[in-house]
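Engineer: Each chain is listed here by its residues.
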Amino acid sequence: MTRSRLPLLIVAIIAIAALIVPPLLPWTHSAIDWDAVRAPLFAPGHLFGTDTVGRDLLARTLVGTRVTLAVALAAALVALVIGTVWGAIAGWYGGKVDEAMMRLVDGLYALPFMFVVILLMVVFGRSIILVFIGIGAVEWLTMARVVRGQVIALKERPFVIAAEAAGAPSSRILTGHILPNVAGVALAYLLLTVPQVVMVESFLSFLGLGVQEPLTSLGILVKEGADDMDLQPHALLIPGGVLVLIIICLTIAGERLRDRLSR
Amino acid sequence: MSIYAVDGLDVRIDGKVVVEDVHFTVEAGQCVALVGESGSGKSQSCLAPFGLSPGIASGSALFGETELIGMSASTLRHLRGRDVGFVFQHPLTALTPHLTIGIQLSEAWQRGGAPAPSRGDMITALERVGLDEPDNRLDQFPHRLSGGQRQRALIAMAIAHKPKLLIADEPTSALDASLRTEIMLLLDSLRREDGLALLLVSHDLAAVAGHADQLVMLRDGQVEESGPADRLLATPQSAYGRDLVAATPKLTDPPPNLPETGARLMAAENIHVSFPRPGWRRERLRAVADASLTLHEGEALALVGGSGSGKSTLARAIARLGPKDAGLVRWRGETLPERKHMSRRHRSLIQPVFQDPTASLDPQWRVSDIIAEPLRHLRPDLAEPARAGLVRQVLQEVDLPDDFANRFPRELSGGQAQRVAIARALVSEPEMLLLDEATSALDVLVAGRVLDLLERLQHERNLALLFITHDLAVAKRLCHRIAVMEAGEIIEEGSTQQIIAAPTHPVTQKLIAASRA
Numbered sequence: 442m443t444r445s446r447l448p449l450l451i452v453a454i455i456a457i458a459a460l461i462v463p464p465l466l467p468w469t470h471s472a473i474d475w476d477a478v479r480a481p482l483f484a485p486g487h488l489f490g491t492d493t494v495g496r497d498l499l500a501r502t503l504v505g506t507r508v509t510l511a512v513a514l515a516a517a518l519v520a521l522v523i524g525t526v527w528g529a530i531a532g533w534y535g536g537k538v539d540e541a542m543m544r545l546v547d548g549l550y551a552l553p554f555m556f557v558v559i560l561l562m563v564v565f566g567r568s569i570i571l572v573f574i575g576i577g578a579v580e581w582l583t584m585a586r587v588v589r590g591q592v593i594a595l596k597e598r599p600f601v602i603a604a605e606a607a608g609a610p611s612s613r614i615l616t617g618h619i620l621p622n623v624a625g626v627a628l629a630y631l632l633l634t635v636p637q638v639v640m641v642e643s644f645l646s647f648l649g650l651g652v653q654e655p656l657t658s659l660g661i662l663v664k665e666g667a668d669d670m671d672l673q674p675h676a677l678l679i680p681g682g683v684l685v686l687i688i689i690c691l692t693i694a695g696e697r698l699r700d701r702l703s704r
Numbered sequence: 004m005s006i007y008a009v010d011g012l013d014v015r016i017d018g019k020v021v022v023e024d025v026h027f028t029v030e031a032g033q034c035v036a037l038v039g040e041s042g043s044g045k046s047q048s049c050l051a052p053f054g055l056s057p058g059i060a061s062g063s064a065l066f067g068e069t070e071l072i073g074m075s076a077s078t079l080r081h082l083r084g085r086d087v088g089f090v091f092q093h094p095l096t097a098l099t100p101h102l103t104i105g106i107q108l109s110e111a112w113q114r115g116g117a118p119a120p121s122r123g124d125m126i127t128a129l130e131r132v133g134l135d136e137p138d139n140r141l142d143q144f145p146h147r148l149s150g151g152q153r154q155r156a157l158i159a160m161a162i163a164h165k166p167k168l169l170i171a172d173e174p175t176s177a178l179d180a181s182l183r184t185e186i187m188l189l190l191d192s193l194r195r196e197d198g199l200a201l202l203l204v205s206h207d208l209a210a211v212a213g214h215a216d217q218l219v220m221l222r223d224g225q226v227e228e229s230g231p232a233d234r235l236l237a238t239p240q241s242a243y244g245r246d247l248v249a250a251t252p253k254l255t256d257p258p259p260n261l262p263e264t265g266a267r268l269m270a271a272e273n274i275h276v277s278f279p280r281p282g283w284r285r286e287r288l289r290a291v292a293d294a295s296l297t298l299h300e301g302e303a304l305a306l307v308g309g310s311g312s313g314k315s316t317l318a319r320a321i322a323r324l325g326p327k328d329a330g331l332v333r334w335r336g337e338t339l340p341e342r343k344h345m346s347r348r349h350r351s352l353i354q355p356v357f358q359d360p361t362a363s364l365d366p367q368w369r370v371s372d373i374i375a376e377p378l379r380h381l382r383p384d385l386a387e388p389a390r391a392g393l394v395r396q397v398l399q400e401v402d403l404p405d406d407f408a409n410r411f412p413r414e415l416s417g418g419q420a421q422r423v424a425i426a427r428a429l430v431s432e433p434e435m436l437l438l439d440e441a442t443s444a445l446d447v448l449v450a451g452r453v454l455d456l457l458e459r460l461q462h463e464r465n466l467a468l469l470f471i472t473h474d475l476a477v478a479k480r481l482c483h484r485i486a487v488m489e490a491g492e493i494i495e496e497g498s499t500q501q502i503i504a505a506p507t508h509p510v511t512q513k514l515i516a517a518s519r520a
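Protein chains in written order, with our numbering: chain A, 442 to 704; chain B, 4 to 520.
Take these hints with a grain of salt, some might be off.
Below, a list of computed lysine-lysine pairs in the BS3-like style, where the Cα atoms sit at most 30 Å apart [said to hold, decoys possible]:
(1) K253/B / K513/B
(2) K537/A / K596/A
(3) K596/A / K343/B
(4) K537/A / K253/B
The calculated label-pair distances, taken between Cβ atoms and stated as ranges, are [what the hints assert, rightly or not]:
(5) I593/A / P259/B: 34 to 44 Å
(6) T96/B / G649/A: 50 to 60 Å
(7) P118/B / G535/A: 44 to 54 Å
What the hints contain is simulated information worked out from the structure, not anything from laboratory work. Beta carbons: idealized from backbone N, C-alpha and C, even for Gly.
Throw the hints in and build the complete structure from the sequences for me.
Structural biologist: Rendered as structure tokens:
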């Protein structure tokens with residue numbers, strides 16, 4: 442039991458720290474300490490040191506984690522909602538509806554999605570909302586396929602046919618029998634989507650297309666750290682480590698959940 | 004000198020004893036069958052000494068003069084490859100899907116260190132197990148073969164390295180009745196010709212009767228009774244053995260006391276059903292062609308046929324639970340509306356019960372909600388307390404205690420789950436039940452009790468039954484009439500006595516011969 446919960450526990454600790462610790466720190470993520478530019482690790486007042494312009498790295502890492510996780514969670518939820526609705530409708534109605542809906546998904550899959558997100562950023566300007574929408578709109582495709590497959594498998598199950606014989610209307614069968622039984626698998630894929638979105642967000646931020654300065658994210662911190670890594674390697678390793686930890690833990694938790702449910 | 008002798012065998016899984024003090028011997032050319040219900044330890048007793056199960060065996064298992072217990076895994080593997088062959092229940096999962104039959108057979112051939120077989124050798128081997136067109140089969144992939152052909156191919160692989168002992172774990176359970184007999188006859192001839200010893204595992208007494216020389220009856224991991232098959236089947240000594248033999252329906256049972264039938268209830272006329280063929284071509288696959296059936300009040304009609312003969316498709320089309328291309332269903336003269344337009348009243352006329360009891364219950368619903376579901380939709384006039392009352396009443400009727408109402412399906416055994424499914428079907432007071440292989444997934448004793456329940460309901464409720472089955476002996480127990488299906492058509496129909504005594508169509512004759520064996 443403890444072994445299977447460890448990954449989620451780590452992510453929870455990181456998330457809670459990112460939420461409650463920043464207000465307690467003497468420095469905010471954007472305040473500049475003119476007396477301590479490029480402070481090393483464990484410098485007085487700056488546990489993780491400061492960056493090239495003297496901003497506290499502990500505060501920036503925590504705020505960056507918060508932004509990254511918020512973007513990831515929101516985008517994954519967007520993916521969950523669109524993907525589940527789309528996949529459930531396609532799988533349930535089948536035939537031509539299914540064919541049309543899933544070919545559209547195939548088409549969108551074929552687009553180089555990073556390129557599309559970048560294009561959106563360029564056309565509409567950088568905003569955190571756009572990062573949500575852009576990523577969520579791409580990540581729902583996998584969810585739609587997974588949910589559709591599940592719905593098709595469930596649709597032929599005897600208990601669904603028995604519900605039809607019991608006079609339950611389609612809407613009741615979908616909400617009462619099909620969706621509750623898809624929920625577990627959808628949740629597992631939600632957990633797997635979050636780390637993917639974390640990756641995408643960080644990558645966009647690394648390219649300078651993510652959130653706007655002075656607000657920060659793990660991707661921006663990794664980029665800034667990488668620019669300065671010969672002088673201050675910890676400025677790269679700390680946000681990078683947090684990023685890797687989040688991705689690995691969520692992936693492990695998601696895969697475990699998926700394996701347990703698909704048995 | 005026996006080929007394989009087991010004495011005082013215990014098997015433990017995670018410290019729990021699942022087999023205790025089992026003993027039997029298998030002579031050359033002889034067939035010993037281990038029979039018992041699921042969970043009785045019959046597979047474990049067979050597989051554990053050979054290191055093919057997670058169970059840990061202790062006691063003695065002598066193969067020739069070699070003691071298997073305590074042997075190292077690699078020596079065991081060597082011995083399995085050289086002297087023992089295995090055949091398992093599911094012929095598709097036992098074959099590797101991406102390798103041709105020829106490649107897999109050649110691999111099996113070389114398992115014991117023999118040189119690679121020539122194509123001619125392999126063709127002879129496939130011919131020997133009765134596989135038609137052996138030359139083509141060698142280049143085919145497993146999915147191209149039917150269930151019976153796959154099982155033949157597996158047997159060819161199991162005996163390719165000329166083993167002394169063949170272990171067959173439920174080799175025919177996944178096949179329908181006439182194929183079952185053919186495979187058993189094939190195993191018989193291999194025993195005669197090669198002096199092969201056969202250790203058979205089966206839950207079905209009827210399937211091994213006439214083939215096994217010795218029976219070992221297991222219950223909860225212990226030997227309940229053993230001895231020569233003929234004697235044990237005719238005069239079982241233990242109470243459990245008597246129950247098991249009595250619960251196995253036989254064609255020779257005396258005709259049952261069936262309820263009187265009334266006026267014509269349902270008439271299905273010229274039903275056609277086809278499915279789109281998967282893939283790009285716009286072809287359709289014919290499933291049911293021009294099938295007509297009638298059913299009277301209180302009458303039970305058995306729909307029998309091999310797997311894939313269209314029994315379930317036809318029944319679902321009649322109950323408006325599946326697709327239909329053409330045809331009418333009349334209910335007391337009134338035409339039933341199409342699937343999408345069935346009203347509450349129409350839906351409450353016919354209720355289904357399916358084969359797999361656990362898959363028929365939504366795993367996330369409680370038993371009380373599952374049973375109340377038809378009431379909620381078909382009888383919206385009922386208030387919550389009245390609904391709960393009816394649920395309690397129907398639970399009693401299927402012999403389940405009240406407190407089952409709060410359970411989830413995973414907390415039920417197969418027989419209990421099937422009773423819940425029957426209760427759900429009964430609660431809206433239908434006039435006809437559609438029973439789709441409702442007892443075939445259950446153990447013999449449990450199935451016997453479910454059949455008793457159905458028999459009682461038939462008398463008490465004057466229910467009409469459409470009973471789909473592949474087993475004529477089961478059909479005989481409950482049904483007034485039998486309709487036989489083959490390749491989507493009804494090929495023969497008549498009273499139960501008449502069909503069993505004087506079948507006219509060759510397919511029916513084959514089915515009856517299979518059930519007699």
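Engineer: Next step is simple, just say for each hint if it's right about the structure.
Structural biologist: Hints and how they fare:
no.: 1; hint: K253/B / K513/B; in the structure: holds, 16 Å
no.: 2; hint: K537/A / K596/A; in the structure: holds, 17 Å
no.: 3; hint: K596/A / K343/B; in the structure: holds, 16 Å
no.: 4; hint: K537/A / K253/B; in the structure: violated, 49 Å
no.: 5; hint: I593/A / P259/B: 34 to 44 Å; in the structure: holds, 42 Å
no.: 6; hint: T96/B / G649/A: 50 to 60 Å; in the structure: holds, 53 Å
no.: 7; hint: P118/B / G535/A: 44 to 54 Å; in the structure: holds, 53 Å
Figure legend: structure checked against the earlier numbered hints; the only hint not met is number 4.
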